[in-house]
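Visitor: Chain order of the listed sequences is A and S. Sequential numbering from 1 applies to the first sequence in our numbering. Sequential numbering from 1 applies to the second sequence in our numbering.
Please keep in mind that the hints were generated in silico from the structure rather than gathered at the bench. Treat the hints with caution; some may be incorrect.
Said to hold, decoys possible - In silico BS3-like cross-links for lysine-lysine, where the CA-CA straight-line distance does not exceed 25 Å:
| id | chain 1 | residue 1 | chain 2 | residue 2 |
| --- | --- | --- | --- | --- |
| 1 | S | Lys67 | A | Lys359 |
| 2 | S | Lys148 | S | Lys118 |
| 3 | S | Lys48 | S | Lys148 |
| 4 | S | Lys48 | A | Lys372 |
| 5 | A | Lys359 | S | Lys104 |
| 6 | S | Lys85 | A | Lys359 |
| 7 | S | Lys130 | A | Lys152 |
| 8 | S | Lys139 | A | Lys268 |
| 9 | S | Lys48 | S | Lys90 |
| 10 | S | Lys90 | S | Lys73 |
| 11 | S | Lys73 | A | Lys359 |
| 12 | S | Lys43 | S | Lys148 |
| 13 | S | Lys55 | S | Lys73 |
| 14 | A | Lys359 | S | Lys118 |
| 15 | A | Lys359 | S | Lys48 |
| 16 | A | Lys124 | A | Lys75 |
| 17 | A | Lys359 | S | Lys43 |
| 18 | A | Lys152 | S | Lys118 |
| 19 | S | Lys85 | S | Lys139 |
None of the values given here were measured: they were computed from a predicted structure.
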Amino acid sequence: MWFFRSPQVVFGDEALSYLSSLPIRRAAIITDRYLLGTELPERVRGALPEGAESLAVGDVSAEPPLSEMTAHLEKVRGFSPDWFVAAGGGSSIDTAKILFALYERPDLTVYDITPLVQLGLRTKSRLIAVPTTSGTGSECTWAAVLSEENEKRKHELASPEILPDYAILDPSLVVSLPPEQTRNTAADAVAHAVEAYGSTWHNPFSDAMAEKALELISENIEGVMRDPGGLGPRGQVHIGASMAGLSFSNSQIGLVHALGHSLGATFKLPHGKAVGLLLPYVVDFNYDACPERYDRLNLLIPPKYRGRRLSDSLRSLLGMMGVARSVRDAGVEESAYASSMDTLVTLASESTGMVTNPKDSGSEDLRNIFIKAFDGD
Amino acid sequence: MAGARTARVGPRASPFMIGVRSDAPVEMARFPSEEWTKLYAEKLNANKSYEDAGKNWEGAITFVVQKDSALDKDAFIYLDLYHGKCRDAKFSLTESDLPTPEYKYAGPYGNWRKLINKEIDPIQGLLTGKFKLQGSMMKIMRFTKAAKEMVNTTASVQTEF
Chain A
1 MWFFRSPQVV
11 FGDEALSYLS
21 SLPIRRAAII
31 TDRYLLGTEL
41 PERVRGALPE
51 GAESLAVGDV
61 SAEPPLSEMT
71 AHLEKVRGFS
81 PDWFVAAGGG
91 SSIDTAKILF
101 ALYERPDLTV
111 YDITPLVQLG
121 LRTKSRLIAV
131 PTTSGTGSEC
141 TWAAVLSEEN
151 EKRKHELASP
161 EILPDYAILD
171 PSLVVSLPPE
181 QTRNTAADAV
191 AHAVEAYGST
201 WHNPFSDAMA
211 EKALELISEN
221 IEGVMRDPGG
231 LGPRGQVHIG
241 ASMAGLSFSN
251 SQIGLVHALG
261 HSLGATFKLP
271 HGKAVGLLLP
281 YVVDFNYDAC
291 PERYDRLNLL
301 IPPKYRGRRL
311 SDSLRSLLGM
321 MGVARSVRDA
331 GVEESAYASS
341 MDTLVTLASE
351 STGMVTNPKD
361 SGSEDLRNIF
371 IKAFDGD
Chain S
1 MAGARTARVG
11 PRASPFMIGV
21 RSDAPVEMAR
31 FPSEEWTKLY
41 AEKLNANKSY
51 EDAGKNWEGA
61 ITFVVQKDSA
71 LDKDAFIYLD
81 LYHGKCRDAK
91 FSLTESDLPT
101 PEYKYAGPYG
111 NWRKLINKEI
121 DPIQGLLTGK
131 FKLQGSMMKI
141 MRFTKAAKEM
151 VNTTASVQTE
161 F
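The whole structure should be built from the sequences, with the hints applied where relevant.
Guide: Next comes the structure, spelled out in structure tokens:
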């Protein structure tokens with residue numbers, strides 16, 4: 001027995017306007033700190049039903065730490081929303097998921113947000129995700145990542161009950177995404193599709209999502225990089241990124257995310273940058289555990305990037321996007337990397353991504369991949 | 001329960017010995033039983049993947065085998081786990097006879113059979129309600145690989161049902 005879980009997905013031109021058809025009376029709009037000064041909060045407010053009141057929680061930092069949640073939660077509780085509207089990147093959406101759970105159940109702590117605990121949410125409110133990046137997939141997943149600043153750790157929280165009720169994919173919200181975020185988030189989406197497809201928990205539903213996601217992203221990302229304002233390719237990559245989110249949400253992440261969370265937390269690298277650079281190394285490591293599956297994925301990558309093996313193709317595709325080829329290229333200093341190696345390995349080994357990776361791995365395997373990824377091929 | 005027993009050829013291996021020699025006698029035990037518990041502890045202590053994944057783990061867990069149509073009484077397997085090793089293992093049909101564990105992993109006998117036969121993934125078993133886990137989720141979420149190795153080790157015990 002297994003499940004396929006998905007929010008209702010609203011996509012395409014003017015998808016944001018769907019908000020006006022929902023019975024929203026009091027909306028808590030959760031958005032990124034850097035988006036607060038843009039037109040986004042006003043666009044979301046403008047799309048709410050007439051007469052709806054709103055509260056903007058607009059100081060969500062990138063990959064927010066636990067300490068931020070308390071202040072956000074007080075604001076939210078004081079407002080008593082009946083809907084949460086997360087409008088932003090993965091950090092905002094993850095924050096909204098956590099606030100939603102803790103608002104619904106004041107007796108819980110963030111650490112109660114696990115798939116093994118019945119949370120009993122949706123007694124007071126519901127959750128909408130409106131992504132402004134194309135990659136984290138958070139709008140379609142039942143996971144949330146929270147940083148732990150003192151421990152340099154990322155907590156992987158998960159519960160089917162924090163899956164958004166709606167995911168609204170409006171391509172007009174991503175056309176102004178800066179090149180670096182476009183690159184990093186798209187690399188994250190590619191990693192989601194590849195990890196989901198190789199996962200030991202893969203299933204026909206997650207496979208279908210992963211295959212189509214990789215196809216949409218790899219066929220359109222060059223066009224997005226060349227013409228960031230082009231709605232067509234942007235829209236395709238946006239949909240592909242959500243499908244990649246659905247794929248891993250229904251089959252789980254693997255070693256790329258285990259290593260990537262560790263690397264990102266230790267050296268403050270953006271998540272997409274960390275997983276993008278590590279992806280080909282992990283695919284090389286995993287190859288003999290699932291050669292047929294990786295070979296099949298390889299055929300979905302456009303011929304101009306396709307190499308003999310999936311890792312070759314990914315290096316070519318990610319290289320075109322400008323993703324760092326090695327940890328050194330990503331700006332990590334060698335001596336700091338070497339002195340952090342034990343921490344990197346320990347943090348990675350404690351990730352849930354270790355459990356569903358297609359190839360079993362121990363600490364020495366993790367260490368070897370980290371070492372190999374420093375200078376690259 | 002149909003009664004615990006051990007089927008073996010040759011002398012019995014010492015409980016908690018590390019590693020099993022290739023010329024060691026093949027031991028088989030009925031699940032759940034004291035003999036199975038001891039064999040399991042030996043296998044766990046020989047499992048290098050578990051040792052690696054559980055090297056920072058401290059805490060005891062009890063496997064609760066709940067009665068169902070094929071098992072007429074609950075059974076309990078207590079494991080004291082410390083830094084990648086099993087320091088002590090006890091079996092009982094009475095939970096109060098055992099020390100209080102930090103965690104309990106519980107499921108009906110029929111589901112344990114499937115788990116040992118690798119017909120159920122241990123984590124998916126939890127997520128689909130075939131098994132229940134009691135204890136601090138915050139701690140155990142950092143040791144999912146160790147937990148998986150623990151459950152996988154059940155499959156390496158020659159088991160009679």
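Visitor: Could you tell me which of the hints above the structure violates, numbers in ascending order?
Guide: Per hint list: 1, 5, 7, 11, 13 and 18 violated.
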